[in-house]
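Residue numbers (the numbering used here), protein chains in the order written: chain W, -7 to 128; chain C, -7 to 128; chain Y, -7 to 128; chain R, -7 to 128.
Because the hints were derived from the structure by calculation, they are not lab data. Among the hints, a few may not be true.
To be verified - Pairs of lysine-lysine residues, derived as DSSO-like cross-links and limited to a Cα-Cα distance of at most 27 Å, are as follows: (1) Lys74/Y <-> Lys96/R; (2) Lys2/C <-> Lys96/Y; (3) Lys74/W <-> Lys2/C; (4) Lys(-6)/Y <-> Lys96/C; (5) Lys96/W <-> Lys(-6)/R; (6) Lys96/W <-> Lys2/R; (7) Lys(-6)/W <-> Lys(-6)/R; (8) Lys96/R <-> Lys(-6)/W; (9) Lys(-6)/C <-> Lys74/Y; (10) Lys96/C <-> Lys74/W; (11) Lys74/R <-> Lys96/Y; (12) Lys(-6)/Y <-> Lys(-6)/C; (13) Lys74/Y <-> Lys2/C; (14) Lys96/R <-> Lys2/W; (15) Lys74/R <-> Lys(-6)/W; (16) Lys(-6)/C <-> Lys2/Y; (17) Lys96/W <-> Lys74/C; (18) Lys74/R <-> Lys74/Y; (19) Lys2/W <-> Lys(-6)/R; (20) Lys96/C <-> Lys2/Y.
Claimed, not checked - Computed Cβ-Cβ distance ranges for the label pairs, DEER-style: (21) Phe73/Y <-> Gly101/W: 25 to 35 Å; (22) Lys(-6)/C <-> Pro4/R: 32 to 42 Å; (23) Pro4/W <-> Lys74/C: 37 to 47 Å; (24) Asp99/Y <-> Pro4/R: 26 to 36 Å.
Just so you know, even glycine gets a beta-carbon here, dropped at the ideal spot from N, CA and C.
Protein chains: 4
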Amino acid sequence: MKYLEEILHKHPDPAHSDGSAALACIRACFDCAATCTACADACLSEDDVAAMAHCVRLNLDCADVCEATGRLIARPSERDFKALHAQLEACAAACRACGDECRKHGDEGIEHCAVCAEACRACAEACDAMAGALVA
Amino acid sequence: MKYLEEILHKHPDPAHSDGSAALACIRACFDCAATCTACADACLSEDDVAAMAHCVRLNLDCADVCEATGRLIARPSERDFKALHAQLEACAAACRACGDECRKHGDEGIEHCAVCAEACRACAEACDAMAGALVA
Amino acid sequence: MKYLEEILHKHPDPAHSDGSAALACIRACFDCAATCTACADACLSEDDVAAMAHCVRLNLDCADVCEATGRLIARPSERDFKALHAQLEACAAACRACGDECRKHGDEGIEHCAVCAEACRACAEACDAMAGALVA
Amino acid sequence: MKYLEEILHKHPDPAHSDGSAALACIRACFDCAATCTACADACLSEDDVAAMAHCVRLNLDCADVCEATGRLIARPSERDFKALHAQLEACAAACRACGDECRKHGDEGIEHCAVCAEACRACAEACDAMAGALVA
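Construct all of the structure, not just a fragment, from the sequences and the given hints.
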């Protein structure tokens, strides 16, 4: 996401102290959203689809929450601390729920779920870091 | 949203006790998302756009969060209690932040903001009710 | 979506001739998006999930396209005719692809798919009507 | 988006000939969506907000369309050729409309708009390439 990185440096309201945490968080959110979207699709292509239904469900929730969270962080100008903090917590929770389920399937040898578990873990950590970088 | 109402009655996994709260919450989320989207656009059409910039910002955040929340509730089959509860709290917080700002402009005579403040208030209440209806 | 209807009447830039078509189109788009989201979830709860995988895929695409289209139409102030027309065509195409698949399952007795087929048909028609109401 | 790249290589249904075009297109769509989201926010932070209102409008439309398009391409398993082709055309049109407006502001010295114009140009080209790689 090279244009995203460039544009955050050109933003006219750069006073926030959360710059590098914000960039890392937006990237993690959109990467996790796209990865969960692809994981749900890959699950639907598995031979035993029924065994993957719960994973698809969590993938879809996680993709939606990550995308909304990424958008909020991509608007650095005027942060509502309380609402943003709550959204970052919700995103970390969605990532952990999805990542736990994906990890189980990954341990059983389903490789796309193993990748998705990593994307979810990385995004949950980026949300935690961003929440810590927010100035109340 | 008549098809939404119909389809929730046809869902093969209707065991959840949150049926009517879920329908009300999905409706409130999508109505608030669309109303905030239109309010941001209306704000950008006001003569004094600069005075509305903060309202546009909160409208955009609120629309994104409401939409993600509405999608989660529209998937009744397997709820992750913790993640869903956190998202409902984040949505209520986004609605309150946006609603407070819209209310101010509404009190100054900007009618679209007065409508949007009501949509935000209704959505925050629906999220609170849905959070209460969730079975842990 | 009563707040959406109210706010469109309060928009300061009401000069567009597409008012009633726009309201109907936004409503149809968000109803179809929510209905497709719920249909995908209901499909994942069916006994024979494998038979529903293609339907889930089309439901997810349709929900995403309808939501983006609904948001565009909910911003009436300055329409880019060419981009909006193309999006309305893409939305009608997504609705027809999903609606055709849902109709098949509906004819086989899966009731939520029958409802979703109707939501898709209604949304495709609303997009066609909106495309006709756009002033180039 | 390293996890996205990894997961596309692990997808169980890799028969599509559009692999590298798909990865490039998803990346371009999400980068453009995030960049347009940040550009709208940066525009709202400019001293002369009124001069940027049209740009904000196009940024918001472009972000929504790019995000939906990126999601569709991130589901490689079963493509509906006609609907996907129409969505790629709509996305290229949204990117061109937004990119043209951003280019104007970029030429006037507003640096974030210059970056966004490049993101839009790159995304339009990626959508064109993806449309050409689709197998009817």
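Verification of the hints:
A threshold of 27 Å between alpha carbons decides the hint, and for lysine 74/Y with lysine 96/R the separation of about 19 Å falls inside it, so the pair holds. Taking the CA atoms of lysine 2/C and lysine 96/Y, the gap is near 16 Å; set against the 27 Å cutoff, the hint holds. Under the criterion of a C-alpha separation no larger than 27 Å, the hint pairing lysine 74/W with lysine 2/C is inconsistent with the structure, at around 38 Å. The straight-line distance between the Cα atoms of lysine -6/Y and lysine 96/C is roughly 21 Å, inside the 27 Å bound, and the hint therefore holds.
This hinted pair checks out: lysine 96/W and lysine -6/R have alpha carbons roughly 21 Å apart, not beyond 27 Å. For the given pair, lysine 96/W sits about 16 Å from lysine 2/R by alpha-carbon distance, which is consistent with the 27 Å threshold. A C-alpha spacing of about 13 Å is found between lysine -6/W and lysine -6/R, which places the hinted pair at or below 27 Å, so the restraint holds. For the hint pairing lysine 96/R with lysine -6/W, the CA-to-CA distance comes to about 21 Å; that is within 27 Å, so the pair holds.
Proximity of lysine -6/C to lysine 74/Y is assessed by CA-CA distance (about 31 Å); at most 27 Å being required, the pair is judged violated. With a C-alpha separation of about 19 Å, the suggested pairing of lysine 96/C with lysine 74/W holds against the 27 Å cut-off. Annotation: proposed proximity of lysine 74/R to lysine 96/Y holds, straight-line Cα distance about 19 Å (limit 27 Å). For the given pair, lysine -6/Y sits about 13 Å from lysine -6/C by alpha-carbon distance, which is consistent with the 27 Å threshold.
Restraint check for lysine 74/Y and lysine 2/C: not satisfied, since their Cα atoms lie roughly 39 Å apart, outside the 27 Å limit. For the hint linking lysine 96/R to lysine 2/W, the alpha-carbon distance of about 16 Å falls within 27 Å, and the restraint holds. A threshold of 27 Å between alpha carbons decides the hint, and for lysine 74/R with lysine -6/W the separation of about 31 Å lies outside it, so the pair is violated. A hinted pair counts as satisfied when its Cα atoms are at most 27 Å apart, and lysine -6/C with lysine 2/Y qualifies at roughly 25 Å.
Our distance criterion of 27 Å between C-alpha atoms is met by lysine 96/W and lysine 74/C, whose separation comes to about 19 Å. A threshold of 27 Å between alpha carbons decides the hint, and for lysine 74/R with lysine 74/Y the separation of about 19 Å falls inside it, so the pair holds. Simply put, lysine 2/W and lysine -6/R have alpha-carbon atoms about 25 Å apart, close enough for the 27 Å limit, and the pair holds. Using a Cα cut-off of 27 Å, the hinted pair lysine 96/C and lysine 2/Y holds, with the two alpha carbons roughly 16 Å apart.
Checking the proposed 25 to 35 Å range against phenylalanine 73/Y and glycine 101/W shows it is violated: the Cβ atoms sit about 52 Å from each other. The beta-carbon spacing between lysine -6/C and proline 4/R, approximately 38 Å, falls within the hinted interval of 32 to 42 Å. A hinted range of 37 to 47 Å holds for the C-beta pair proline 4/W and lysine 74/C, which are about 39 Å apart. Hint check: aspartate 99/Y to proline 4/R, Cβ distance near 30 Å, so the stated range 26 to 36 Å holds.
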